[in-house]
Amino acid sequence: MTSPSVALPAGRARMSPRKRAQVSRVVQYAVLVAVVLAVAAGTDWSNMREQVFNLEAAANMADKLPLAALNTIRYTLSAFAVAFSLGLVLALMKLSSVKLYRILATGYVEFFRGVPALLVVLAFAYIVPVAFQVRFSSITVTIALALGIVSAAYLAETLRAGLQAVPKGQVEASRSLGMTSGQTMRSVVIPQAFRLVLPPMTNEIVLLTKDTSLVFAMGLTAGSYELTKLARETLNSSAVGGLTAFVVVGLVYLMITIPLSALTRWLEKKTGSKGRV
Amino acid sequence: MTDSPIGTADPGSAVVVSIDGLRKSFGPREVLKGIDLEVAQGEVVCVIGPSGSGKSTLLRCVNLLEQPTAGSISVLGVEVTDPDVDIDRVRTHVGMVFQQFNLFPHKTVLENCTLAQRKVLGRSQAEADEIGRKNLEHVGLGDRADSHPSQLSGGQQQRVAIARALSMDPAIMLFDEPTSALDPELVGDVLSVMRDLAESGMTMMVVTHEMAFAREVADRVVFMDDGQLVEQGPPEQLIGNPSHERTRSFLARVLDPTHKHD
Numbered sequence: 001m002t003s004p005s006v007a008l009p010a011g012r013a014r015m016s017p018r019k020r021a022q023v024s025r026v027v028q029y030a031v032l033v034a035v036v037l038a039v040a041a042g043t044d045w046s047n048m049r050e051q052v053f054n055l056e057a058a059a060n061m062a063d064k065l066p067l068a069a070l071n072t073i074r075y076t077l078s079a080f081a082v083a084f085s086l087g088l089v090l091a092l093m094k095l096s097s098v099k100l101y102r103i104l105a106t107g108y109v110e111f112f113r114g115v116p117a118l119l120v121v122l123a124f125a126y127i128v129p130v131a132f133q134v135r136f137s138s139i140t141v142t143i144a145l146a147l148g149i150v151s152a153a154y155l156a157e158t159l160r161a162g163l164q165a166v167p168k169g170q171v172e173a174s175r176s177l178g179m180t181s182g183q184t185m186r187s188v189v190i191p192q193a194f195r196l197v198l199p200p201m202t203n204e205i206v207l208l209t210k211d212t213s214l215v216f217a218m219g220l221t222a223g224s225y226e227l228t229k230l231a232r233e234t235l236n237s238s239a240v241g242g243l244t245a246f247v248v249v250g251l252v253y254l255m256i257t258i259p260l261s262a263l264t265r266w267l268e269k270k271t272g273s274k275g276r277v
Numbered sequence: 001m002t003d004s005p006i007g008t009a010d011p012g013s014a015v016v017v018s019i020d021g022l023r024k025s026f027g028p029r030e031v032l033k034g035i036d037l038e039v040a041q042g043e044v045v046c047v048i049g050p051s052g053s054g055k056s057t058l059l060r061c062v063n064l065l066e067q068p069t070a071g072s073i074s075v076l077g078v079e080v081t082d083p084d085v086d087i088d089r090v091r092t093h094v095g096m097v098f099q100q101f102n103l104f105p106h107k108t109v110l111e112n113c114t115l116a117q118r119k120v121l122g123r124s125q126a127e128a129d130e131i132g133r134k135n136l137e138h139v140g141l142g143d144r145a146d147s148h149p150s151q152l153s154g155g156q157q158q159r160v161a162i163a164r165a166l167s168m169d170p171a172i173m174l175f176d177e178p179t180s181a182l183d184p185e186l187v188g189d190v191l192s193v194m195r196d197l198a199e200s201g202m203t204m205m206v207v208t209h210e211m212a213f214a215r216e217v218a219d220r221v222v223f224m225d226d227g228q229l230v231e232q233g234p235p236e237q238l239i240g241n242p243s244h245e246r247t248r249s250f251l252a253r254v255l256d257p258t259h260k261h262d
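As you go down the protein sequences, you meet chains A and B in turn.
Everything in the first sequence is counted per the numbering used here, starting at 1 for the first residue and increasing by one.
Everything in the second sequence is counted per the numbering used here, starting at 1 for the first residue and increasing by one.
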């Protein structure tokens with residue numbers, strides 16, 4: 001057997017692809033280490049320890065933390081309740097045979113996806129009370145409406161996609177067994193759509209959790225502070241180490257959102273393996 | 001049909017499906033160009049023809065999954081083309097099996113068979129379970145009742161789909177290319193379940209490409225081409241000695257795919 005000789009490019013000896021990949025990796029590590037060292041060297045560590053990682057300051061705010069965390073969760077869940085109900089209505093409007101409904105829903109979605117959530121929060125705090133002469137009795141209701149209305153625009157698209165992703169054959173099979181369109185929706189389409197949208201929906205809750213930070217722009221009383229507002233107030237009222245509050249609430253946010261993200265991944269895996277035939 | 005499933009049906013009627021002048025258009029394209037067909041009780045009618053000839057559309061018109069453009073269809077003596085008909089009620093007596101099985105993936109095999117029994121027929125959980133299990137036994141899948149559809153092979157899924165339809169105690173079964181989506185080695189099990197069903201006296205309309213099955217099981221074979229019913233007759237006549245050139249040319253292509261025709 002004679003092995004055919006491969007024509008190598010003449011001239012300078014070239015590195016093998018494996019060797020080249022190796023060198024590339026070493027360079028990438030070197031860049032990373034250099035950046036970290038540069039940042040570390042440029043940081044005023046003693047000042048940081050006093051201002052940003054001040055354990056004493058962290059301990060001082062500890063008693064107010066549980067209520068603020070609870071408020072964050074409360075605002076998230078109530079906003080999600082609004083977002084889900086409104087989002088489902090919008091999704092069904094988008095799928096409606098009535099053209100005006102489709103136009104209205106599309107307009108709603110485009111509007112609230114295109115406007116900063118902070119503007120909507122401010123509108124609910126200052127414009128809506130003037131415009132409609134209403135004062136929401138509880139701050140939770142105001143927040144739930146402001147954030148829920150924005151989130152509904154995103155959820156509507158998610159839910160619509162979920163409902164449409166259930167194959168038409170499922171509806172046909174159900175109807176061919178004599179089930180009504182309502183029974184088909186409830187027993188066949190919605191359960192399957194729900195499984196499909198569960199992961200993106202959990203993701204939407206993570207986004208909502210973070211968006212509750214926008215309510216700092218409203219006038220809140222001490223009892224209704226959520227995490228970000230608490231951090232700002234702590235900064236304003238403490239002589240030294242106030243910035244530590246941001247680190248602390250950042251960690252609390254992560255304690256809420258990371259398990260949710262993990263849940264999303266778990267759900268994605270679960271629905272992925274059991275979903276379509 | 002000892003107790004007529006539908007009140008208005010004529011108990012003595014031997015005709016289960018009666019199709020008269022059926023036309024169906026999708027937009028500007030007319031896929032059914034005036035079909036007349038009757039299916040008698042206990043009869044097994046196989047519908048054959050090239051793809052796009054309108055066979056599936058014809059079948060789907062029978063239980064109104066497709067709304068006919070013109071003509072009339074009556075099933076068990078009920079005019080299903082009447083806009084005021086309670087089609088859900090008629091559909092409970094018309095079992096349908098789809099090419100893609102269309103099992104409910106979020107339900108177990110048994111739940112697939114019991115869902116409509118409970119929701120539509122109002123049967124108790126226990127009764128529905130018993131009937132569901134009995135029909136799963138019939139299709140040879142009694143031991144898979146608690147599996148999910150995704151855990152079954154295509155052939156098994158299609159047999160579950162048959163059990164699901166049978167659990168409603170239908171007066172007629174419609175099969176829409178039931179083996180076309182199956183791997184060749186899985187076709188046999190499904191066909192043998194259908195053969196048993198035919199032997200038990202079930203009225204069946206079967207759209208199929210399985211000529212051997214049609215020849216063996218059908219009482220009558222109907223050949224469709226280009227939205228028209230070209231000819232019909234007993235299998236030995238229609239498949240063995242077709243009188244129309246279109247039928248001959250189709251059969252030549254199907255029975256001997258390597259044969260160069262025309």
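Worth flagging that the hints you see were computed from the coordinates, not collected in a lab.
Positions of the beta carbon are idealized from the N, C-alpha and C atoms, including for glycine.
Do not take every clue at face value.
[Claimed, not checked] As a list, the in silico DSS-like pairs of lysine-lysine whose alpha-carbon atoms are at most 25 angstroms apart: (1) A:K270 / B:K119; (2) A:K210 / A:K99; (3) B:K134 / B:K119; (4) B:K107 / B:K134; (5) A:K269 / A:K64; (6) B:K119 / B:K107; (7) A:K168 / B:K134; (8) A:K64 / A:K168; (9) A:K270 / B:K134; (10) B:K107 / A:K269.
[What the hints assert, rightly or not] Just some of the chain B residues that point at chain A, by a computed CB distance under 10 angstroms: (11) M96; (12) Q99; (13) M202.
The hints, checked one at a time:
{"no.": "1", "hint": "A:K270 / B:K119", "in the structure": "28 angstroms, violated"}
{"no.": "2", "hint": "A:K210 / A:K99", "in the structure": "35 angstroms, violated"}
{"no.": "3", "hint": "B:K134 / B:K119", "in the structure": "19 angstroms, holds"}
{"no.": "4", "hint": "B:K107 / B:K134", "in the structure": "18 angstroms, holds"}
{"no.": "5", "hint": "A:K269 / A:K64", "in the structure": "38 angstroms, violated"}
{"no.": "6", "hint": "B:K119 / B:K107", "in the structure": "14 angstroms, holds"}
{"no.": "7", "hint": "A:K168 / B:K134", "in the structure": "29 angstroms, violated"}
{"no.": "8", "hint": "A:K64 / A:K168", "in the structure": "53 angstroms, violated"}
{"no.": "9", "hint": "A:K270 / B:K134", "in the structure": "31 angstroms, violated"}
{"no.": "10", "hint": "B:K107 / A:K269", "in the structure": "18 angstroms, holds"}
{"no.": "11", "hint": "M96", "in the structure": "4 angstroms, holds"}
{"no.": "12", "hint": "Q99", "in the structure": "9 angstroms, holds"}
{"no.": "13", "hint": "M202", "in the structure": "16 angstroms, violated"}
Hint violations for this structure: numbers 1, 2, 5, 7, 8, 9, 13, all remaining hints satisfied.
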